[in-house]
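Okay, here's what each chain looks like letter by letter:
6 protein chains.
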Amino acid sequence: MSAAPPDGGVAPTTGLTHVDEHGKAHMVDVTGKEATYRIAEARCFVQTVASAEQISLTREGSDLLASARFAGIMAAKQTSALIPLCHSIRVHGVDVDVRSLPNGFAVAAVVAIIEKTGVEMEALTACTTAALVLIRAIWAVDPLASIEDLSLWHKSGGRSGTWNGQPTGDRS
Amino acid sequence: MSAAPPDGGVAPTTGLTHVDEHGKAHMVDVTGKEATYRIAEARCFVQTVASAEQISLTREGSDLLASARFAGIMAAKQTSALIPLCHSIRVHGVDVDVRSLPNGFAVAAVVAIIEKTGVEMEALTACTTAALVLIRAIWAVDPLASIEDLSLWHKSGGRSGTWNGQPTGDRS
Amino acid sequence: MSAAPPDGGVAPTTGLTHVDEHGKAHMVDVTGKEATYRIAEARCFVQTVASAEQISLTREGSDLLASARFAGIMAAKQTSALIPLCHSIRVHGVDVDVRSLPNGFAVAAVVAIIEKTGVEMEALTACTTAALVLIRAIWAVDPLASIEDLSLWHKSGGRSGTWNGQPTGDRS
Amino acid sequence: MSAAPPDGGVAPTTGLTHVDEHGKAHMVDVTGKEATYRIAEARCFVQTVASAEQISLTREGSDLLASARFAGIMAAKQTSALIPLCHSIRVHGVDVDVRSLPNGFAVAAVVAIIEKTGVEMEALTACTTAALVLIRAIWAVDPLASIEDLSLWHKSGGRSGTWNGQPTGDRS
Amino acid sequence: MSAAPPDGGVAPTTGLTHVDEHGKAHMVDVTGKEATYRIAEARCFVQTVASAEQISLTREGSDLLASARFAGIMAAKQTSALIPLCHSIRVHGVDVDVRSLPNGFAVAAVVAIIEKTGVEMEALTACTTAALVLIRAIWAVDPLASIEDLSLWHKSGGRSGTWNGQPTGDRS
Amino acid sequence: MSAAPPDGGVAPTTGLTHVDEHGKAHMVDVTGKEATYRIAEARCFVQTVASAEQISLTREGSDLLASARFAGIMAAKQTSALIPLCHSIRVHGVDVDVRSLPNGFAVAAVVAIIEKTGVEMEALTACTTAALVLIRAIWAVDPLASIEDLSLWHKSGGRSGTWNGQPTGDRS
Chain A
1 MSAAPPDGGV APTTGLTHVD EHGKAHMVDV TGKEATYRIA EARCFVQTVA
51 SAEQISLTRE GSDLLASARF AGIMAAKQTS ALIPLCHSIR VHGVDVDVRS
101 LPNGFAVAAV VAIIEKTGVE MEALTACTTA ALVLIRAIWA VDPLASIEDL
151 SLWHKSGGRS GTWNGQPTGD RS
Chain B
1 MSAAPPDGGV APTTGLTHVD EHGKAHMVDV TGKEATYRIA EARCFVQTVA
51 SAEQISLTRE GSDLLASARF AGIMAAKQTS ALIPLCHSIR VHGVDVDVRS
101 LPNGFAVAAV VAIIEKTGVE MEALTACTTA ALVLIRAIWA VDPLASIEDL
151 SLWHKSGGRS GTWNGQPTGD RS
Chain C
1 MSAAPPDGGV APTTGLTHVD EHGKAHMVDV TGKEATYRIA EARCFVQTVA
51 SAEQISLTRE GSDLLASARF AGIMAAKQTS ALIPLCHSIR VHGVDVDVRS
101 LPNGFAVAAV VAIIEKTGVE MEALTACTTA ALVLIRAIWA VDPLASIEDL
151 SLWHKSGGRS GTWNGQPTGD RS
Chain D
1 MSAAPPDGGV APTTGLTHVD EHGKAHMVDV TGKEATYRIA EARCFVQTVA
51 SAEQISLTRE GSDLLASARF AGIMAAKQTS ALIPLCHSIR VHGVDVDVRS
101 LPNGFAVAAV VAIIEKTGVE MEALTACTTA ALVLIRAIWA VDPLASIEDL
151 SLWHKSGGRS GTWNGQPTGD RS
Chain E
1 MSAAPPDGGV APTTGLTHVD EHGKAHMVDV TGKEATYRIA EARCFVQTVA
51 SAEQISLTRE GSDLLASARF AGIMAAKQTS ALIPLCHSIR VHGVDVDVRS
101 LPNGFAVAAV VAIIEKTGVE MEALTACTTA ALVLIRAIWA VDPLASIEDL
151 SLWHKSGGRS GTWNGQPTGD RS
Chain F
1 MSAAPPDGGV APTTGLTHVD EHGKAHMVDV TGKEATYRIA EARCFVQTVA
51 SAEQISLTRE GSDLLASARF AGIMAAKQTS ALIPLCHSIR VHGVDVDVRS
101 LPNGFAVAAV VAIIEKTGVE MEALTACTTA ALVLIRAIWA VDPLASIEDL
151 SLWHKSGGRS GTWNGQPTGD RS
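Residue numbers (the working numbering), protein chains in the order written: chain A, 1 to 172; chain B, 1 to 172; chain C, 1 to 172; chain D, 1 to 172; chain E, 1 to 172; chain F, 1 to 172.
There are no misleading hints in this set.
Distance ranges between label pairs, derived from CB positions:
hint, chain 1, residue 1, chain 2, residue 2, range
1, F, Thr162, A, Gly161, 36 to 42 Å
2, B, Arg159, F, Arg99, 48 to 54 Å
3, B, Glu34, C, Thr162, 24 to 30 Å
4, C, Leu144, E, Gln54, 46 to 52 Å
5, C, Tyr37, A, Pro102, 40 to 46 Å
Derived by calculation from the structure, the hints in this document are not laboratory data. None of these values were measured; they are calculated from a predicted model. Idealized CB from N, CA, C, for every residue including glycine.
With these hints in hand, go ahead and build the complete structure from the sequences.
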């Protein structure tokens, strides 16, 4: 191994990022990338099976939805400790939205940053964690609740520009 | 507020755990519960849109699947730092299984413990984190990949005994 | 240094715990202590200078008080990562109470556990963190707010039995 | 919820930062702010009840004061993991000063940074944690010790410029 | 994957722990093991190249040696967050000893616990971290300093009983 | 203590960084330093005593080496939480290389960054943690394995320019 800096991080033969030409994982060196304003939004749906009456107390304003929001925001800051090859970044802003719907909860997380690397994983982690908090909270009345359609919804900024996961539909 | 220990943690009027009779969240006191051997298994499916050839390099044995397994195991140990009202517990064993299928990845996480409280959230957190690692790794070739059917699959031990989320079907 | 286990943890010549006879800090070995049910309660007062009208929106039910409660509960679980010589323990239950009063906020944190070591620092850390969240939240309207009378209020369990910090008075 | 970036973070109707117009907490987007050199200093007083002789071994040079300093410095780096809506920042410098006085300890923490957001919470967290370490260390001889007058003392840099909490007095 | 608990954790065909029969890593289930009093001691030597005069200020009593001790103690508590397959345990006691010698520093860490799993990694992690703090502190005067002979020195308790790494010699 | 920013961080009378003129540790204020591209490489050797056949299953491609790589990468991101006076930085890239040799494992970690402070401790921490994972994995067949020659190997960038620990030799 030479003391040369790690290569530019694009795995030419695999098409997979974060895996080098020998199939080994490494943290991609983003030094050469430009620090730009980047936003990512992730969404998911917590699908409930119990009746709306059973979970009616999970209304806006109670600690339940606040708990999901806080957990999502705090999880965004812990992303690099959870996802091995993620860079540690300084999140500039996080907004987690949790909506109570008749058959579940719609969760969306928007994360903004000015960095050399994207913020998609932070948005996905915030969204997931908020959803897990909901799953746990309604456990006693709805053990069959599940998380569905957890994916990136929107990103902008960076070399690849604006991208929308589901531009013509709406999952929730 | 008296110096009395927190109440038994069952929210009588709401049916929701972790929310007391005033709608305020608290960490349920599990002192009165019995420390028993408990297992929980969570599962999800990472649904890919790209062709199998495109993501063919994510085969067994590469760092990719190992990365997902390690991240899942480590995340199980961080659960109480992510989910606000979860108790910090000593996980006795974690097994994360990641299988490459034609249209995605099946992820399962089993966590075992001897504690006064369940281990469901640890299994869900391990499963989720392993799935997020996969989502990130195949990003470049499949940005539309999503996590589906993330839920508890099995639990045993504790007062409520054995429970199976989907006893007669198989999601993957 | 012998391979003998660390001594019983009482610093005979100093009267100070956590400092050995040479003035060096170490983590006291609690192996010989009994695991008993222990409770500790810490209290403090967040004293505001701004008028009650100015901070009137910090009423019960808003995210503000919930935020302080959640932060306090989560901080209790992080105590051993903040206080160098604290043992890492499994908190059994945490209850953080935040009350809005005319001239500030009364904060109390009760932590319960069955361990070989006390839970005083967990209660103090929970109480402090909840208070810091309040300080930050009202910053814009009250930069002179301060935390006062932060101390242990009650403990029970363990060798030293029940103890009350201020048995005949009430700070809040 | 749109994919638009979170709003500018000023809560117009409440006067409270970190709470949007619906009373929901979010992490304020600081993208539009300028990265400037910022300093904040927080102070508190650990008030002892035991006689000076009883706690005389907590003199300068022993591990006790060093322990408080280290814990304060390390806590400054963990602030964003403790305070839910704090941004994760790269602290440029931390200085924690602990002075032994006849009736207690004066604690001061100065934190410096070049960021888009202030460093007040880091200074407060460092100061608080150092004080908690002292409280714990003298526990055996002074269980009634308390933390008093914990507040911001000075800040400079940022849009609001220099500010002094107690410009004409001295608490310690 | 069945919902059966993870297997007993012994990899029969490899002789390696933590790797199952398919070469996959998992966290060994220690449920069947007995919780016993266990001690482990790790040692290493920080070898300096600069003259003793150059590093003479690293004498006993200064913050330098205290810093190494505190960092070692705190690292012992973070072991399970660093070593992927380590169980999270409650450390009962930690003692880190740092001695200044003419040609370097002898570091020893003893960790005690009552658990179902050993505490060797906690002792190694504490010893390593204390040594890294010393390496950093003397950097300016001795950039060629190195850590040598970092290994387990002693363990007792558990199924395998007492073991001494170097029973007849002394490295330092 | 004045509210002035901490001093420039050079300890004039001691030659030791991170210790001020009174022997007290503080986190050096790096505000005045220039943010430049910096690389550091650390190396060590995990010396085995067991025969190569006994540890033959630790070959390239198994989870064992991947585990060491991942742990090293993740540890680099946790450096500031382990080493008390280290600044928290955003690592730009990490590459951990683990090679299986007849009598042990050669471990090298390269970390790259654009910051005002060096990245040596991140490289050392990554290298150390990867080595500890190997030590643990081969435990059952080689309890006498040790870590040797753990030190900085190369650094470039920053005021002091390029530096090579062992320019004419090769430890592994």
